[in-house]
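A.B. asks: Residue numbers (the numbering used here), protein chains in the order written: chain Y, 2 to 147; chain D, 59 to 146.
Source of the hints: derived by calculation from the structure; they are not laboratory data. Model, not experiment: these values are computed from the prediction. Ideal Cβ positions, reconstructed from N, Cα and C, are used throughout, including at glycine. Please note: incorrect hints may appear among the correct ones.
Computed Cβ-Cβ distance ranges for the label pairs, DEER-style [as the list claims (entries may be wrong)]: (1) 129(D) <-> 107(Y): 33 to 43 Å; (2) 94(Y) <-> 116(D): 51 to 61 Å; (3) 88(D) <-> 32(Y): 51 to 61 Å; (4) 146(D) <-> 45(Y): 16 to 26 Å; (5) 130(D) <-> 141(Y): 18 to 28 Å.
Facing chain D, from chain Y, some residues (calculated, C-beta under 7 Å) [to be verified]: (6) 37; (7) 38; (8) 92; (9) 96; (10) 100; (11) 103; (12) 107; (13) 108; (14) 113; (15) 117; (16) 123; (17) 124; (18) 133; (19) 144.
Under the rule of at most 20 Å between Cα atoms (straight-line distance), these lysine to any residue pairs were calculated in the SDA-like manner [what the hints assert, rightly or not]: (20) 111(Y) <-> 32(Y); (21) 66(D) <-> 107(Y); (22) 66(D) <-> 99(Y); (23) 63(D) <-> 34(Y); (24) 66(D) <-> 32(Y); (25) 113(D) <-> 132(D); (26) 66(D) <-> 39(Y); (27) 80(Y) <-> 129(Y); (28) 111(Y) <-> 70(Y); (29) 111(Y) <-> 125(D); (30) 66(D) <-> 47(Y); (31) 34(Y) <-> 88(D); (32) 63(D) <-> 80(Y); (33) 63(D) <-> 33(Y); (34) 63(D) <-> 116(Y); (35) 63(D) <-> 105(Y); (36) 113(D) <-> 128(D); (37) 39(Y) <-> 73(D); (38) 137(D) <-> 47(Y); (39) 111(Y) <-> 33(Y); (40) 66(D) <-> 129(Y).
The primary structure of each chain is shown beneath.
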Amino acid sequence: MAIQEHSYYGSFGYHVTSYFATSSRQGSPDDFKYLVDKAHSLGLFVIIDIVHSHASNNVNDGINRFDGTDHCYSHAGEKGHHSAWDSMIFDYSKYEVLRFLLSNLHWYLKEYQVDGFRFDAVTSIMYHHHGVGVGFSGNYSEYFGL
Amino acid sequence: MLANKIIKDVVPESITIAEDVSGMPTLCRKIQEGGIGFDYRLSMFLPDLWIKLLKETPDEHWNMGHLTHSMTNRRWKEKCIGYAESHD
């Protein structure tokens, strides 16, 4: 389950609307810091789910169309829409997207002192086809050809 | 790759795990070796296997060879996390 703020509960936290906030459903930021500190005091590591593979479609409370255009943090048009998940796809070739996502990691490491991340849907990040409708047999051409 | 580099630069002892269904080679090898730099990948097939087994197969019909193969089938020198419960 992902912990970043998400307005659609049915997404299990995978349609993130606010990247730098922990979900208000589970409590306040200080509550989460207490949890991390408590876990650390017991010798436990805290690894959080991080959703950098896609974002909520939401415009008002999300980052989709943040500057009014359809290609602020995403690709323009249909390329910026994940057909299987009905969500926004990041354009990782944009400098500001990298700055946004990398600073998001830095935030959770420094502010919340988490010990690591479980990166959600790395397949969707790595391939132009995002894994939609694609099967993998293990053949190397599936991984290294464009 | 860039994310893994930054994370290790900020907190060297941190852990990164990849959820990948494609089986991408080098995903969990070091960036210095040309890898993508994750520490572990999730063995996503395993929770699906357990639930299928418990639902459809009587205990005495469990195929140990298949189970062993499923739990040890991985990329050479890439670490995996096997798990039983999944929200998928």
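A.B. asks: Restraint: residue 108(Y) near chain D, CB-CB cut 7 Å. Satisfied or not?
C.D. replies: violated (10 Å)
A.B. asks: Verify the CB-CB distance for residue 130(D) and residue 141(Y) against the hinted window 18 to 28 Å.
C.D. replies: holds (21 Å)
A.B. asks: Are residue 146(D) and residue 45(Y) spaced within 16 to 26 Å by their CB atoms?
C.D. replies: holds (24 Å)
A.B. asks: Do the alpha carbons of residue 63(D) and residue 116(Y) lie within 20 Å of each other, as the hint requires?
C.D. replies: holds (15 Å)
A.B. asks: Tell me if the straight-line CA distance from residue 113(D) to residue 128(D) falls inside 20 Å.
C.D. replies: holds (18 Å)
A.B. asks: Does residue 92(Y) pass the interface hint, meaning its C-beta sits closer than 7 Å to a C-beta of chain D?
C.D. replies: violated (15 Å)
A.B. asks: Please work out if residue 63(D) and residue 80(Y) have their alpha carbons no farther apart than 20 Å.
C.D. replies: violated (28 Å)
A.B. asks: Within 20 Å, alpha carbon to alpha carbon, are residue 111(Y) and residue 32(Y)?
C.D. replies: holds (16 Å)
A.B. asks: Sort out whether residue 33(Y) lies within 20 Å of residue 111(Y), counting only the CA atoms.
C.D. replies: holds (13 Å)
A.B. asks: Can you confirm whether the C-alpha distance between residue 66(D) and residue 99(Y) stays at or below 20 Å?
C.D. replies: holds (16 Å)
A.B. asks: Residue 113(Y) was flagged as interface toward chain D. Is the shortest Cβ-Cβ separation under 7 Å?
C.D. replies: At 12 Å from the nearest chain D Cβ, residue 113(Y) fails the 7 Å test, so the hint is violated.
A.B. asks: Would the pair residue 66(D) and residue 129(Y) pass a check requiring their Cα atoms to be no farther apart than 20 Å?
C.D. replies: This hinted pair is violated, its Cα atoms lying about 26 Å apart.
Violated hints, in rising order: 3, 6, 7, 8, 9, 10, 13, 14, 18, 23, 24, 25, 26, 28, 29, 31, 32, 33 and 40; the structure is consistent with all others.
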